[in-house]
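Visitor: With the hints as a guide, dock the two chains, each given alone in a separate frame, to form the complex.
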Amino acid sequence: MKRSRRSFLKIAGISALGIGSKPILNAFSASAPQGDTPQPAVMRKPEALTAKHWAMVIDTTKFKSRDDFKPIIEACHSIHNVPELKNKNHEIKWIWEEGYKHAFPTLENPYFEEKVKDLPFLVLCNHCENPPCVRACPTKATFKRESDGIVLMDFHRCIGCRFCMAACPYGARSFNFRDPRPFIKEEKINLKFPRRTKGVVEKCNFCAERLAVGQLPACVEAANGAIIFGDLADPDSDVRKLVSTNYTIRRKLSLGTSPSVYYIV
Amino acid sequence: MYNKGIIVAGLAVFIVLATFPFWYNLGKAAPAPERILTAQAKAAKECILSAELMRTEHMQMLNDWRDMVVRDGTRLYVGSSGKKFEMSLSNTCMECHSNKAEFCDRCHNYAAVTPYCWDCHIDNPKETK
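Those sequence lines, one after another, are chains A and B. Per our numbering, the first sequence runs over residues 997 to 1261. Per our numbering, the second sequence runs over residues 1305 to 1433.
One thing to keep in mind: the hints can contain errors.
Unchecked claim - In silico DSSO-like cross-links for lysine-lysine, where the CA-CA straight-line distance does not exceed 27 Å:
no., chain 1, residue 1, chain 2, residue 2
1, B, Lys1404, A, Lys1194
2, A, Lys1041, A, Lys1140
3, B, Lys1346, A, Lys1188
4, A, Lys1140, A, Lys1048
5, A, Lys1097, A, Lys1084
6, A, Lys1084, A, Lys1041
7, A, Lys1136, A, Lys1194
8, A, Lys1041, B, Lys1387
9, A, Lys1184, B, Lys1346
10, B, Lys1388, A, Lys1041
11, A, Lys1188, B, Lys1387
12, A, Lys1041, B, Lys1349
13, A, Lys1097, A, Lys1066
14, B, Lys1349, A, Lys1188
15, A, Lys1181, B, Lys1404
16, A, Lys1188, B, Lys1404
17, A, Lys1048, A, Lys1066
18, B, Lys1388, A, Lys1188
To be verified - Covered, in the sense of this in silico footprint (three residues per stretch, anywhere, with C-beta under 8 Å from a C-beta of chain B), are these stretches of chain A:
no., region
19, 1136-1143
20, 1149-1161
21, 1192-1206
Think of the hints as simulated: they come from the structure by calculation, not from any bench. Glycine included, every Cβ here is placed at the ideal spot set by N, Cα and C.
For reference, chain B alone in the conformation it holds in the complex (with noise of 0.2 Å):
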């Protein structure tokens, strides 16, 4: 093999910079964010689904309410412990969560998600700023 020394070592400059982010940042992985709730959500205590649930599927469930809403016009949710709710995200959730930087962006940030919701549904109607 032609140039053995200077293809070894540029193969290995190669290898050292292409896998230099994993162990620049080995360990120092970001903790996942703690969920912070209003007062307001402290007391309801119940939510929707339970707490495991909403955070796994809260998604599926806005994408559901929102066929339901729109296209059905069927409005209310009745949980299984028989507790009512008005299918809204800017009426419904938003009122409780109304700490929508502590609540919602925080962990849409750490997972790296931007969902649109809040271009049209108002993001806080108890936050002011």
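Just chain A, same shape as in the assembly (with noise of 0.2 Å):
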């Protein structure tokens, strides 16, 4: 049989058509619903917590002394598992004290006497509104969550670069340059939080793992009643009753981050 070259290219086209149509075909049979069998569904806790912007208000005028911060920090770090490392350039911050020089530079005067200076103030992770460190990360470890603005990491995905430490304006994160195991005291082991390994930075998260199962941040908890959480989109709340009628201040606000902690003075 003699077939001329026009056939043979129709017979080709053709078959290439057929072949080509059967992932489409595959794909369409795929997505067909499988039986009346109820899908697996992944949601929220009904108990958890929900808002459109956490913020924490600070009131300094409750603290008395640097005593009232211990069970606070205490508290913070004996639930996320911080490691108690003696070094100073090793040390892991969540929560911690820092001197008005330091926490308000832009804040500053030069006739301040040398006590008000060094006034303590608590401190942690702002959980800007616009957030330095997210930009900087490299991996998208650190992330704003969108539903509430809370700035979190995956501690699984960070490479420890630490050009967050490097844009983060308040030196809120911690790079673990030992591995923590060791620095975490057996009898305050927190089971239900993991721990970190070596090479990975960490920050105060909010309490993310708590607000998610209907608790308050645990340094709210133990700080009764000295520091408030809220939600700051919600006209009603406290946070923001406090933040409109106080006279409050943020931590370098000159910078652009936008912090959500605000400290009543």
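Guide: The structure is reproduced here in structure tokens:
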């Protein structure tokens, strides 16, 4: 049988079309519903606390002395398995004490008394509205949760480049220079919360894991009303009322990060 | 061909040596480890997915769970039978399968994989060793 070039090309073209349509048909058949069995679903817990913009107000007038900070720091650090490292260079901090001149350098006045310059303040990650650490992170390990404005970290994804530490103007991030495990006291370890490994950056997470089960952050609970936590986007919330009726300051506002932690002074 | 005898003998020795591990171990493959469940896991009967799917897909599932929990804050998983699970390796998986050495490690050793989950996640709240 003699076949012309024209008829050969026709047959070849039709065959190619047939083969090419197979994956498309497969995709259609795969997307068809598979019987009546209910599909597994993933959701928030019903008791979870939600907000548009979580914010914290620290009422510094309610702290009498440095000793009032200790139970708060202790509560946070024990719940989150934060190691206690003696070497200042290796220190891991989620919430800590800072003197006024370091906490608020842009609000300094050369004629302040020494006492005022050293006035202790409780500082933590500010969960900025415009967080520079998120922009610096090359792996998107640090991200701002769009639903409630908390700046969070995915420790699994952190490669330990420390760009975020350089970017954060508040020194709120700590790097695990050493394996933290031996420095967490055995009797204090919280089995419900993971630890971190060497080579990972960590910081305060506004107790996202506690909010998810309907609890307020650990520092808020330990502070006996000196720290107030709530939804800044809600005009009827306690934090919103405190912020609108009191004189509050925020750290290094001129940098444009817009912190979510307010201090009543 | 020069030195034919030496070359052929050398090649034969090389082939025998290079294939030595294969025929030496022939028929001596280690049996796949048996699955050992805790009393709690046996009583629960139902896991997140079917046993076959859990065996082949648990790593992918843990990966997906991690992203959902960390990034979206969705921490509740409702299985196809309506049973609810908290999406947590330490608090759900390891709570039921608290025999890590028997349940996790034996199979991971057999498959020669070393997951680093337990570097951070508490390996075993129940078992003290």
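Visitor: Each hint: holds or not?
Guide: Going through the hints against the structure:
1. B:Lys1404 - A:Lys1194: Status holds; Cα separation ~23 Å.
2. A:Lys1041 - A:Lys1140: Judged against 27 Å, a Cα distance of about 20 Å means the pair holds.
3. B:Lys1346 - A:Lys1188: Holds - the C-alpha atoms of Lys1188 (chain A) and Lys1346 (chain B) are around 23 Å apart, at most 27 Å.
4. A:Lys1140 - A:Lys1048: holds (12 Å)
5. A:Lys1097 - A:Lys1084: holds (19 Å)
6. A:Lys1084 - A:Lys1041: Distance ~39 Å between Lys1084 (chain A) and Lys1041 (chain A) Cα, so the pair is violated.
7. A:Lys1136 - A:Lys1194: Given that 27 Å is the threshold and the Cα spacing comes to 19 Å, the pair holds.
8. A:Lys1041 - B:Lys1387: Given that 27 Å is the threshold and the Cα spacing comes to 14 Å, the pair holds.
9. A:Lys1184 - B:Lys1346: Outside the cut-off at roughly 32 Å; violated.
10. B:Lys1388 - A:Lys1041: Distance ~10 Å between Lys1388 (chain B) and Lys1041 (chain A) Cα, so the pair holds.
11. A:Lys1188 - B:Lys1387: holds (22 Å)
12. A:Lys1041 - B:Lys1349: holds (24 Å)
13. A:Lys1097 - A:Lys1066: holds (21 Å)
14. B:Lys1349 - A:Lys1188: holds (24 Å)
15. A:Lys1181 - B:Lys1404: holds (23 Å)
16. A:Lys1188 - B:Lys1404: holds (17 Å)
17. A:Lys1048 - A:Lys1066: Not OK: Lys1048 (chain A) and Lys1066 (chain A) at ~30 Å, beyond 27 Å, violated.
18. B:Lys1388 - A:Lys1188: It holds: about 18 Å lies between the C-alpha atoms, which stays within 27 Å.
19. 1136-1143: holds (count 3)
20. 1149-1161: As far as the region 1149-1161 of chain A goes, the hint holds, because 3 residues have Cβ atoms under 8 Å from chain B.
21. 1192-1206: The restraint on the region 1192-1206 of chain A holds, since 3 of its residues have a Cβ under 8 Å from chain B and three suffice.
Comparing the model with each numbered hint stated earlier shows that hints 6, 9 and 17 do not hold.
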